[in-house]
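Turn these sequences into a full structure, and let the hints steer you where they fit.
Residue numbers (our numbering), protein chains in the order written: chain D, 80 to 273; chain L, 2 to 230; chain P, 126 to 454.
Don't take each hint at face value.
[As the list claims (entries may be wrong)] No more than 20 angstroms apart at the CA atoms, straight line, and that leaves these computed lysine to any residue pairs for SDA-like:
no.: 1; chain 1: P; residue 1: Lys-127; chain 2: L; residue 2: Ile-210
no.: 2; chain 1: L; residue 1: Lys-219; chain 2: D; residue 2: Pro-190
no.: 3; chain 1: P; residue 1: Lys-132; chain 2: L; residue 2: Arg-67
no.: 4; chain 1: P; residue 1: Lys-295; chain 2: P; residue 2: Val-386
no.: 5; chain 1: D; residue 1: Lys-250; chain 2: L; residue 2: Phe-216
no.: 6; chain 1: D; residue 1: Lys-118; chain 2: D; residue 2: Asp-207
no.: 7; chain 1: P; residue 1: Lys-132; chain 2: L; residue 2: Ile-70
no.: 8; chain 1: D; residue 1: Lys-247; chain 2: L; residue 2: Val-212
no.: 9; chain 1: D; residue 1: Lys-250; chain 2: L; residue 2: Ile-210
no.: 10; chain 1: P; residue 1: Lys-131; chain 2: L; residue 2: Phe-216
no.: 11; chain 1: L; residue 1: Lys-168; chain 2: P; residue 2: Glu-172
no.: 12; chain 1: P; residue 1: Lys-375; chain 2: P; residue 2: Gly-263
no.: 13; chain 1: L; residue 1: Lys-219; chain 2: D; residue 2: Met-249
no.: 14; chain 1: P; residue 1: Lys-132; chain 2: L; residue 2: Arg-75
no.: 15; chain 1: P; residue 1: Lys-295; chain 2: P; residue 2: Pro-315
no.: 16; chain 1: L; residue 1: Lys-68; chain 2: P; residue 2: Ala-142
no.: 17; chain 1: L; residue 1: Lys-68; chain 2: P; residue 2: Gly-141
no.: 18; chain 1: D; residue 1: Lys-247; chain 2: L; residue 2: Ala-218
no.: 19; chain 1: D; residue 1: Lys-247; chain 2: L; residue 2: Leu-139
[Said to hold, decoys possible] Computed, partial: chain L to chain P, Cβ under 7 angstroms:
no.: 20; residue: Pro-77
no.: 21; residue: Ala-96
no.: 22; residue: Thr-171
no.: 23; residue: Gln-175
no.: 24; residue: Leu-180
The hints are simulated quantities; they were obtained by calculation from the structure and are not laboratory data.
All of these numbers come straight from a predicted model, not from anything done at the bench.
For glycine and all other residues, C-beta sits at the position ideal for the given N, C-alpha and C.
Below are the chains, spelled out letter by letter.
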Amino acid sequence: MSVFVAFVLAILNAMLMDNVVLSRFYGICSFIGVGNRVKSATSMGLAVTFVIVLATVVCWPIYTFLLVPAGIAYFDTVIYILVIASLVQAVALFIRRFSPSLYRGLGIYLPLITTNCAVLGVVQSNTDTGLDFLSSLANGVGTSLGYFLVIFLFACIREKFEGTNMPKAMKGVPIALVTAALLALSFYGLQGII
Amino acid sequence: MDNAIAKPSKKEAFLAPLLKANPLFVLVLGTCPALAVTTTLEQAIGMGILFTVVLALSNVIISALRKFIPEYVRIPSYIVIIATFVTVVKLLAEAFLPELYSSLGVFLSLITVNCIVLGRAEAFAQDNPVLPSLLDGLGNGLGYTIAICIIALFREILGAGTLSFGKTFTFIPQVTIPLLKGDTWDYSMPLLQQPTGAFLVLGIVIALIAVIVNFRAKQAKIKKEEVKE
Amino acid sequence: MKENVKKGLITTLTLGAIVLGAGAIIGVTSAITSPFVYAHSLAGRLEAVNGVFPNAEDVSEPEEINSNGLVERYEVSAGGELIGWAYSGSQKSQTDTVDVMVGINADFTLERVEITSSSTNSAYMDAARDWLAGVNNGTTSYDDIPVGAGGTKTKQTISILVQAAIDHAKANAGGDAVSAELRLVRNVFPDATESDQGTAVELSGGTPQANYWELTKRYEVGENGETVGYAYEGSINPMSQQGSFVVGIKADGTFSRIYAVTLSLDDHDGLYNPSWIPGTYIPEINSGTRNPDDCIGGEATITAETINAMIEAAEADVLSLGGSSGEAA
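Rendered as structure tokens:
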């Protein structure tokens with residue numbers, strides 16, 4: 080199997096079969112919090128994609144070429160989180176400069192990308208499971224695409240909920256989780272295709 | 002600004018997060034591990050204990066250093082401090098609880114970005130002295146542990162049908178209690194062990210807890226009005 | 126501007142101080158915990174080799190091999206001394222995959238063989254296990270496979286893996302001090318201690334795709350300062366198959382041993398027993414029970430004849446060297 084095909088399959092695997100939110104359970108908090116309006120969900124997805132891919136590209140070499148040879152592999156979590164925090168700052172400045180309306184639309188959720196489990200989760204699991212650079216990159220790209228896909232679907236579905244009748248206790252988070260359960264079920268059916 | 006809000010008492014700091022302000026069920030924070038590590042009760046207990054340790058330690062240190070860290074460096078500093086304690090706990094778990102370490106996997110590292118830890122640091126530890134911060138940390142940790150254990154109970158008993166001990170904490174003898182699933186009969190719902198079931202259980206339990214909390218709030222309100230009269 | 130610089134400085138200093146403190150705490154913790162982590166992984170490795178070296182005390186990290194059916198090997202020590210190597214091997218045989226753990230003593234003798242795979246075809250595996258019980262308690266040799274007792278192919282596969290493990294152990298004894306050439310010639314002269322860099326030779330015969338053979342390099346092999354023979358790198362191309370070999374000829378021009386480096390795949394993944402090489406030709410000429418020119422009586426006479434032609438050419442070449450030791454041609 081050529082490297083390119085393997086790469087694409089790895090991306091699809093990380094995106095659909097082992098979906099970051101619905102199967103691996105990263106990024107739930109942001110998923111539930113933001114997923115109300117489609118437009119902000121899309122921009123959130125884009126920002127997260129950017130951060131995850133950049134973080135993967137930066138953190139893997141740091142781990143492989145700096146931390147491991149120096150024997151301080153256990154320092155990885157601290158370094159990763161610093162890198163992610165700085166990247167998010169940089170992306171925030173970038174967005175503020177080029178699209179102030181988007182920046183205002185994202186509001187507090189932009190700095191919250193730092194604490195998004197998906198970002199640290201992908202970067203950490205890449206090095207914990209000893210993947211090589213291309214596999215890590217495929218994992219990162221697939222994860223962010225999967226995150227984008229799910230957050231978009233979720234926002235669309237939740238938009239339809241506004242104003243529907245349901246028990247008071249289920250409003251808000253519980254119904255969102257039940258929706259996620261159904262989404263997870265449909266994605267579960269994708270397993271084993273590749 | 003701090004003077005306007007009364008500083009919570011130590012008792013309040015410890016008890017509130019257990020039910021009224023439960024970090025998982027009421028504030029809906031820290032949901033990622035609540036879905037991932039709740040397939041068995043033992044795993045949930047293990048995660049809860051390690052989480053509480055990290056939360057308590059980071060609350061204490063952040064509270065101790067609160068007068069030394071300037072305003073604009075706060076968040077990054079807290080994050081690094083939290084990451085440090087997570088790494089320490091990770092190393093200790095790898096050495097002394099290797100089965101727990103391998104079953105929790107990356108979610109041990111993800112305590113670093115658990116909204117609860119950073120949230121308590123910002124909401125409480127940076128404004129309060131060390132002892133109340135410690136109690137706040139322990140209380141939130143305990144509340145979170147209880148919460149994920151409840152989820153795990155549902156998922157394991159209803160989903161796997163048995164309650165097993167000794168697989169993650171290998172120093173206790175292995176015992177499997179058949180509840181819904183035995184050698185010849187099986188009434189379990191394996192779906193609850195899958196991701197779908199995780200979301201489902203969490204959603205329903207949150208709804209149930211909301212009902213309970215609302216009910217108690219109403220009771221308290223009624224009592225207050227009775228006293229007024 | 127000055128305000129910003131001051132802010133930046135304080136930010137860097139504070140974060141730097143915290144990171145240093147973090148490093149100290151984590152470093153101390155790591156120092157405390159690493160012996161425990163090592164003990165755990167050691168326990169795991171001890172269990173892996175327990176079947177072949179029950180008295181092992183220290184087992185190294187696995188060293189990857191991934192050739193000739195050998196997957197990886199562990200260095201096993203007890204009492205501070207190397208007692209041998211535990212090789213894990215995996216080879217397809219018939220429809221099953223045979224996974225074994227082979228224990229080779231430090232003196233390159235077989236200690237014990239354990240089958241570690243759960244096979245799908247238990248009849249073959251059971252027969253092989255019975256045979257292995259004999260091998261393990263010394264009543265049978267690992268290269269003595271009774272015919273017609275069932276599971277013959279499986280036993281042959283295991284025997285091949287054991288031989289591969291022994292050869293690898295011998296070839297790699299001495300660690301990095303062993304040169305690549307010495308490792309190569311040890312396949313046919315197991316007790317060799319010296320080898321030269323190799324001289325190119327150009328000997329060939331036969332027709333390609335029919336019965337072609339060639340010899341490309343000759344190494345002078347020595348044991349403790351004395352030349353004992355010559356190792357030739359060669360290859361054959363009988364019919365549509367390919368194989369490369371190392372041929373060992375003693376200093377007096379007689380055949381010593383032949384080692385198959387690679388053989389092209391036929392319908393077997395095995396090394397020594399593809400259908401186009403007569404089943405027992407190579408093991409028998411190696412053990413001396415058959416002469417290389419005795420090519421009849423097997424499945425593929427042409428292949429045997431080609432190998433024999435290669436061997437005879439090597440023998441002639443050695444004789445033409447005049448038999449003087451230490452001569453670099």
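Taking the hints in turn, this is what the structure says about them:
The straight-line distance between the Cα atoms of Lys-127/P and Ile-210/L is roughly 53 angstroms, outside the 20 angstroms bound, and the hint therefore fails. Note on Lys-219/L and Pro-190/D: the hinted pairing is violated, with a Cα-Cα distance of about 37 angstroms set against a maximum of 20 angstroms. Restraint check: the Cα-Cα separation between Lys-132/P and Arg-67/L comes to about 18 angstroms, which is no more than 20 angstroms; the hinted pair holds. Proximity of Lys-295/P to Val-386/P is assessed by CA-CA distance (about 16 angstroms); at most 20 angstroms being required, the pair is judged to hold.
Under the criterion of a C-alpha separation no larger than 20 angstroms, the hint pairing Lys-250/D with Phe-216/L is consistent with the structure, at around 16 angstroms. A distance of roughly 35 angstroms separates the Cα atoms of Lys-118/D and Asp-207/D; the hinted pair therefore is violated under the 20 angstroms criterion. Restraint check for Lys-132/P and Ile-70/L: satisfied, since their Cα atoms lie roughly 12 angstroms apart, inside the 20 angstroms limit. Using a Cα cut-off of 20 angstroms, the hinted pair Lys-247/D and Val-212/L holds, with the two alpha carbons roughly 9 angstroms apart.
This hinted pair checks out: Lys-250/D and Ile-210/L have alpha carbons roughly 13 angstroms apart, not beyond 20 angstroms. About 54 angstroms separates the Cα atoms of Lys-131/P and Phe-216/L, which puts this hinted pair outside 20 angstroms; it is violated. Using a Cα cut-off of 20 angstroms, the hinted pair Lys-168/L and Glu-172/P holds, with the two alpha carbons roughly 19 angstroms apart. For the hint pairing Lys-375/P with Gly-263/P, the CA-to-CA distance comes to about 31 angstroms; that exceeds 20 angstroms, so the pair is violated.
Between Lys-219/L and Met-249/D, the direct Cα distance comes to roughly 18 angstroms. Compliance with the 20 angstroms bound is thereby established for this hinted pair. Simply put, Lys-132/P and Arg-75/L have alpha-carbon atoms about 13 angstroms apart, close enough for the 20 angstroms limit, and the pair holds. Using a Cα cut-off of 20 angstroms, the hinted pair Lys-295/P and Pro-315/P holds, with the two alpha carbons roughly 7 angstroms apart. Pair hint Lys-68/L plus Ala-142/P holds up; C-alpha atoms about 15 angstroms apart against a cutoff of 20 angstroms.
Restraint check for Lys-68/L and Gly-141/P: the C-alpha separation of about 17 angstroms stays at or below 20 angstroms, so the hint holds. As the CA atoms of Lys-247/D and Ala-218/L are separated by approximately 15 angstroms, the hinted pair is consistent with the 20 angstroms bound. Pair hint Lys-247/D plus Leu-139/L does not hold up; C-alpha atoms about 32 angstroms apart against a cutoff of 20 angstroms. Look at Pro-77/L: its Cβ gets to within about 6 angstroms of chain P, closer than 7 angstroms, so that hint holds up.
Restraint check, Ala-96/L versus chain P: the minimum CB separation of about 4 angstroms is within 7 angstroms; hint holds. About 11 angstroms separates the beta-carbon of Thr-171/L from the nearest beta-carbon of chain P, more than 7 angstroms, and the hint is not met. Violation of the interface hint for Gln-175/L is found here, the shortest Cβ-Cβ separation to chain P being roughly 18 angstroms, above the 7 angstroms cut-off. Violation of the interface hint for Leu-180/L is found here, the shortest Cβ-Cβ separation to chain P being roughly 31 angstroms, above the 7 angstroms cut-off.
Going down the numbered hints, you'll see the structure goes against 1, 2, 6, 10, 12, 19, 22, 23 and 24, while the others check out.
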